[in-house]
Amino acid sequence: MCDLMPASGALPGVGDCDIDAFLTKLRAETTALTWVGLCLAALLWLVTPVVTLGVPLPALLLGANARDRHILALTSTRIYLLRQAVFLLKMYASMCWGQHPSVRSHFNLAAYPVDPGTFRTT
Amino acid sequence: MKPNSHTAFQPRGSEVIVEADYVVVGSGAGGAAAAVTLARGGATVIVVEAGPWRDPHDYAHSTYGALRDMMDDWGATITRGPALWPVVQARVVGGTTVINSAICVRTPSDIFDEWQRNFGIGDGGGGQFAERLWRWQDQLETELCVAETGPEAMGRSNELALKGDAAAGYDGHVIRRYAKGCIGSGQCLQGCTEMKKQSTNLNYIPETLRRGGGILSCAAAERILFEGARAIGVTGHFNHPQTRARGAAFTARARRGVFVAASATWSPVLLRKSGLTHKAVGANFRAHPGTGVFGLYDEPVDMNRGVTQGWASTRFRKDGGLKLETLSIPMEMAISRLAGGGRVLMERIQQYRHIAMWVHALRARTAGRVDVSFTGRPVVRYGLDVEDMRRFRDGMLRVAQLHFAAGAREVVTGIHGLPYSLRPDQLDVIANAPLDPRSYVAILSHLFGGCVMGKDASVSVCDAEGRVHGRTGLYIADASMLPDNIGVNPQHTIMAMAMEVATGALK
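Quick note, the sequences are listed as chains E and H, same order. For the first sequence, counting from 1, position 32 maps to 32 in our numbering; every step adds exactly one. For the second sequence, counting from 1, position 336 maps to 458 in our numbering; every step adds exactly one.
Honestly, I wouldn't trust all of these hints.
Partial pick of chain E residues on the chain H-facing surface, computed with a CB cut under 8 angstroms [as the list claims (entries may be wrong)]:
#	residue
1	P6
2	L11
3	T30
4	D68
5	L74
6	T75
7	S76
8	Q84
9	M91
10	S94
11	G98
12	Y112
13	D115
Hints listed in this document are in silico derivations from the structure and should not be mistaken for laboratory results. Bear in mind the structure is a predicted one, so any value in this text is a computation, not a measurement. The beta-carbon is built from N, C-alpha and C at its ideal position, and this holds for glycine as well.
Just chain H, with the same shape it has in the complex (with noise of 0.2 angstroms):
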C-alpha cells in the first residue's frame, strides 16, 4: 500500500492485500487515536474501517439520511432483554465521533480508584497511571480545539437549562467540546456540515495517511490472523454503503501488531469470531442508558437552534450515578417520542416550538453481554435490574425538577401508563412510575466493555496496556476494554486510553 492512501468499496475481484507495521480496525475514538500515536512514533499504520468515509460537504441533514449514512444498520441495533432500547454507534470513518456531540469531559478521579480497587488496573486517582492519562487528555484537549460553548451559539433550550440549574442549584455548567468556535447550528447528531466538531476523520485518520499510513474504508474485517498465538493481521471483505454489496477481499498483513478498536459491540464480535472463546470476551457490557423529558414552556423554544447540547451538571453522578444534560434532537424524532398518535398526536405536535428536551445518563450497574448473531452481528443482552431502574426514574424526575425551576408550564415524560403531561404539583407521579423498563423509551449511549482490562486473565480480555492476555502482537485500544461504566461522556477517557496503549506498544 503506498503511502497516504485510501482504498474505498472494491467489487468482487483480486484480493486487496496490504501490509503495514500495524492494522488498526476502526476508526472512531479509541482507533484514530491509536492510530495517530503509532504513525508519530514512526510506525506505518494502516487503518481498516468497516464503514465508508464521508467528508462534512457528504454528511446528511435529514434523520433519515443521518439513519441510513452514518448508523450502524440503520440504528437498528437494539438490546435483547426485558425492553428493547436502541444502542447507538456509528458506522463511517471517525466512527461515533462523527455523530455525537463531542462533548469532552476529563476522567474522574474515583474512576481510576475503582480501576484499582476492582481491576487491579493502574495505582489510584494520585498514582502515575491517572498523571499519564491525563497528560494525554491534556493534550487531546490542545490538539482537538477544546472550548465551552460561545454564549452566541447555546440556544434558548441551553439558556433555559442554565436558568434552571441557578434555580434548583445542580452545580451544572456550560459543557466543553471538541469544537471551538462551534455557531450552534444544531446539527451534531446528523455530523458537522459546519467543520466545527473536531471528529477523527477530520484530523488524526488524515494526519495518520501523512505519516506514511494508509486506510481502508467500506471494508469489514471479519477475522484476526494469527501465526501461532501471534496476530499477523485482518481479513474481511468490503461492503458498498449503499447498496450493501459483498465486494472483493481483503487481507491486511501487519509487522509489528494488530490494534483492535471496532467498539464495544463490534471488537468482542471481532475477537469471538477470531476464535477467541474465552468467557470474558463479551462478558461486562455496560452502558449509559439515559431519556429525555420534555419541558413545554409559555415562549418558543426552538430546541434545535443552537447546540445540541450546551449544559450539563455531574452533581447527581457520585450518588445517584447520574448525569444530567440537555439534548435537541431533531423534531423528526422528537416527535415519534411524543405519546399518542391520530388526531391526538398532531394536537401535541402543535406545541414543538415550545418544547425543551432534556436527559439523564445513567451509570447503570448493571453488566450485560455481547454475543455473535447467527449472522455475525453483535446480540446485546441488557437489562437495567429494580435498583437501577429506580436511580432511572429518579433522574427523570430529576430532570422534570429542572425544567419547573425553569419555569416550565408541564413536563412530558413519555412513560408508558401516566398521564401525557405533568404539572409542578405532579412530580410524585413521576416517583411513584413503574419500574418496569419497559415503560420507557429510552436508548443506551456510551457503550462500555466486553473485552475489558484487568489484571485477572480469568475474567478479563487484556491487561492494562491493551495486550491481550495469551496472545502477541494483539491490543484493545477502545470502549471495549474500559472495565466499568465511569458516569461521563466518555470519548475524552477512550482516546487517552488508546493513545497510552499504543505508546506501550511502540516501546
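Here chain E stands alone, though its shape is the one from the complex (with noise of 0.2 angstroms):
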C-alpha cells in the first residue's frame, strides 16, 4: 500500500497516514473474504517482479524506483485478476489516505468526525 500511494509534494503518503492502526483496525472489523483478498493481493505484489520487471527478486528487495515501476506496471497488467487484486489494495489505500484529515484540508475538505458505529439497540 505505502508503494501504491508514496508521498508526494506536499502530499502525504499513505505511510504517513497512520496505515498501521488502519490495518489493525480494518483486520479486526472486516469480513475474513476481504481480509483474505487483501493479504493474497499483498502477496502477489510481493512475487510479481518477475512478471512486470523480469527480475526474479521479491518486491521487497527491489530498489525504490524499481518498486515505483512494479507497483505500475501491476496496475495497468494484462492479466485481469492480478489487476483486480491490485485494486483491491488501491481501494483500502485510497480510503485510508483519503480519510486522513491532513489530506482532506489538503483538497479543502472539512475532516470527517468519528464514524459512531452505533445502532439501536432497543
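Each chain sits in its own coordinate frame; assemble them with the hints.
Okay, here's the thing in C-alpha cells:
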C-alpha cells in the first residue's frame, strides 16, 4: 500500500496516514473474505516482479525506483485477476489515505468526524 | 410482541417468538412501502430486517465507515462472470434507500406496454394498472416530500452538467428527489445526517410501528415456514452487526401472510432456502450496470460540495438504453478509480479538485441469475453480451462528449488499455475501445428480477399482485418481482408496486 501511494510534494503518502492502525482496525472489523483478498493481493505484489520487470526477486528487495515501476506495471497489467487484486489494495489504501485529516485539508475538505458505529439496541 | 416495539440483536439463549397479521422480510423501498400500506389497512405487521437500525446520528461519515456500517458484506458482493463488478446494496433498516441518492422517477409509460406485451402483466401504459401505480406514485411524492434540488445546493459539478447539457442538447433536467430542502452536503452515499433524505427508516418504518407493528433488526430471515402450501411465518437468527456473532433464533409467525422484500439478490435466496426450487426462482436477474467518466476542468470543481446527484438525462433511454447522470463519489472512492500506482498515481491525484464525475447507467438486455452459495449468500451470475457492451461503451462516449461541451480540458475514462486521459479530438479512441467487460471498472446498481411476476407460472415466480404461484399467503413485494429493468431509477416503481401488492393482500 505504501508503494501504491507514496508521499509526493506536499501530499503525504499512505505510510504517513496511520496505515498500521488502519490495517489493525480493518483486520478486526472486516469480513474474512475481504481480509484474505487483501493478503493475497499483497502476496501477489510481493512475488510478481518477475512478471512485471523480469526480475526474479521479491518486491521487498527491490530499490525504490524499481518498486515504483513494479506497482505501476501491476496496475496496468493485462492479467485481469492481478489487476483486480491490485485494485482491491488501492481501494483500501485510498480509504486510509483519503480519510486522513491532513489529506482532506490539502484538498479543501472538512475532516471527517469519527464514524460512530452505533445502532439502536432497543 | 408489543405494539410499536423494536427488538435488536439478542444473544444466544431462548428463541424470540413474535406474531402478527403479516410478516414483511426487508425494510427497504419495497418492504417499508408494503408494511406501511398493510398497517394503514388495519393489519398488524412485523418487519424482519437483517441489518441494524441506524438513525442519522449513527451514520458513518467516511467511506470506510459506510462500507462497514451500511453495506451488505462490506460491499464485497461481486458478479461472477467475465468481469468482477460490485453489486451495490445496503444492509440496514431502510435498506438501500439509506445510501442511494433518493432519485424519484415515475414509471415510464412504455414500461407498462412492455410488461403487458412480454409478460402478460397489466393492460399497458394507458390502462388501469398503470393508472393505479401512478396514483401510488402521486401519494409517495407528497408523503416523501419530492422536490427538485434547489440551485443553492447544486454544487459546481451539477452546474457544469447543466452547462454542458445546454450546449450538447441532451434534454437533461434537475433531478427530483425524496429530499426536500437538501442542502447539498454531498453525503448521500453514507446516509444523510442532515435528515433531508426521506429514507424509509425515517418515515414508513416508524409509522408502521406507531400503527401497532414491530420490527426485528439484526435479524436475518433464513427460511419461510409453511403449513401445507400456506406461508405461516419466517424463521432465522439474529446476527451482531459488529462482531457478526450469531445470536438467538427467532420465529415471526404470520396469521395472514408473509411478504418477501429482501432485495433482488436476497429474495430469491430466501425462497430457494425455503424449498421453492422452481427454475424461475433466481432467473431473469437484471440491472443497470454503469460507470463514470471523469472530466478534468481548468477551474476547481470540488465535486464533493453540492448534491451527490443533481442532473440527469433520459434522452438516450429509448434508443440506446442509457441514462446519464452526475454522481459525486467520496474522494477515497474517486481516487481508487484513477489509473496507475506509485508516483504516477500521486501526480494524478493532485488534480482531484478539478475533477467532475458523471456516469451512465445502461438498461442492459442481458439477463443473469442469482444462485445460493455454500455459505447461504447470493451468487450473482452476470455478464454483458457484446451488444450491451457496445451500448455501454456508447454511454461513456456520450458522457465524455457532455464533459467537453461543458468545457472540460480532458476526460479520464479508466478503460484498460486506453491512454489515461483524452482530449476533445480523441473521442474516437473511446468509440473504438475494447468491448471486453474486463476492460471497464463498473458497478451494478438498480437490481431487478430473480422472483419475477408474470402470467405464465412456468417462467415466473408470482403474479402481478405479488402472489407466489402455487402457494398461499406468500407475496413478493420488492425489485425482485419486476420482470425487466426499466431504464430509470427504480425506487419509485418498487415502492408503488409494493403498495399495490399490499393493497391486494388486504382485500
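Hints and how they fare:
no. : hint : in the structure
1   : P6   : holds, 6 angstroms
2   : L11  : holds, 6 angstroms
3   : T30  : holds, 6 angstroms
4   : D68  : holds, 4 angstroms
5   : L74  : holds, 7 angstroms
6   : T75  : holds, 4 angstroms
7   : S76  : holds, 7 angstroms
8   : Q84  : holds, 6 angstroms
9   : M91  : holds, 4 angstroms
10  : S94  : holds, 4 angstroms
11  : G98  : holds, 3 angstroms
12  : Y112 : holds, 4 angstroms
13  : D115 : holds, 3 angstroms
Of the hints listed earlier, there is not a single one the structure fails to meet.
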